[in-house]
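So the sequence shown is numbered by the working numbering: it starts at 83 and just counts up by one.
Hints are not guaranteed to be accurate.
[As the list claims (entries may be wrong)] Derived pair list, reagent style DMTMM-like, types lysine to aspartate or glutamate, alpha-carbon separation capped at 20 angstroms:
{"no.": "1", "residue 1": "Lys153", "residue 2": "Glu141"}
{"no.": "2", "residue 1": "Lys209", "residue 2": "Glu141"}
{"no.": "3", "residue 1": "Lys116", "residue 2": "Glu175"}
{"no.": "4", "residue 1": "Lys116", "residue 2": "Glu141"}
{"no.": "5", "residue 1": "Lys112", "residue 2": "Glu127"}
{"no.": "6", "residue 1": "Lys112", "residue 2": "Asp129"}
[What the hints assert, rightly or not] Between beta-carbon pairs, the in silico distance windows are:
{"no.": "7", "residue 1": "Thr303", "residue 2": "Asn123", "range": "38 to 44 angstroms"}
{"no.": "8", "residue 1": "Lys240", "residue 2": "Gly277", "range": "17 to 23 angstroms"}
{"no.": "9", "residue 1": "Ile302", "residue 2": "Lys125", "range": "28 to 34 angstroms"}
{"no.": "10", "residue 1": "Pro200", "residue 2": "Val283", "range": "22 to 28 angstroms"}
{"no.": "11", "residue 1": "Phe249", "residue 2": "Lys179", "range": "15 to 21 angstroms"}
Since the hints were derived computationally from the structure, they do not count as laboratory data. Since the structure is predicted, the reported quantities are computational estimates derived from the model, not experimental observations. Virtual Cβ for every residue (Gly too), placed ideally from N, Cα, C.
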Amino acid sequence: MAKKSSIQKVVVITGASSGIGLITAKHFVKNGYKVYGLSRNVKEESDFVSLSCDVTNIEQIKESINYIMEKENRIDVLINNAGFGISGSVENEPLDKIESLIKVNFLGAVAVTQQVLPIMRKQGGGKILNTSSVASVAPIPYQSFYSVTKASLDIWAKALRMEVKPFNIEVCSVQLGDTKTGFTASRQKSVNDEGTVYEAVVAKSIAKMEKDEQYGKDPITAAKTMLK
């Protein structure tokens, strides 16, 4: 019987300072992986290595990936998890907020992946996972731009999967439903709907959705799915 490899697999998770990212990082560590968490707001963690990295800053991404390679000389799994949400009507959502959302939720994943792909290709393989949402296939009113970023992730992942299949690199998106995390409280709400025809319906819709989220699944469910 062939012996199992003794090399500890290395996982990089963006947005690992809270919520699904934090729980997933801890769950991978518990199951024998070496984990590096990339987050803007670094918290001291005994379970995994936490690095300061804004996924919209290419220089910070390069520095973080170079640091990991100096320490480990490999990256086996990348989990693109960093993201945030905004709510409000399409008519009144400021373009600068939409742009910021796209930069983090979609372009951030692309930027980190571009730095990791050459590493995985040279080492003979790897896995890339994206934290997506059911909103990518069932768009949510008054969260249309969040839905757009997750749909973009999914389509991009499908195309990328075909491009990197010859290099033994696997790509997928994990479409999550309601999950109870701090993501709900940190959602950015547009004030531009106040005093408009949208104000009451936006408030009612978001309140219902946030109630569902707080009765949603424990984030460990997402972590276990990622590990699987």
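**Asked** Tell me, which hint numbers fail for this structure?
**Response** Violated hints (numbers, rising): 2, 3, 4, 7, 8, 9, 10, 11; every other hint is consistent with the structure.
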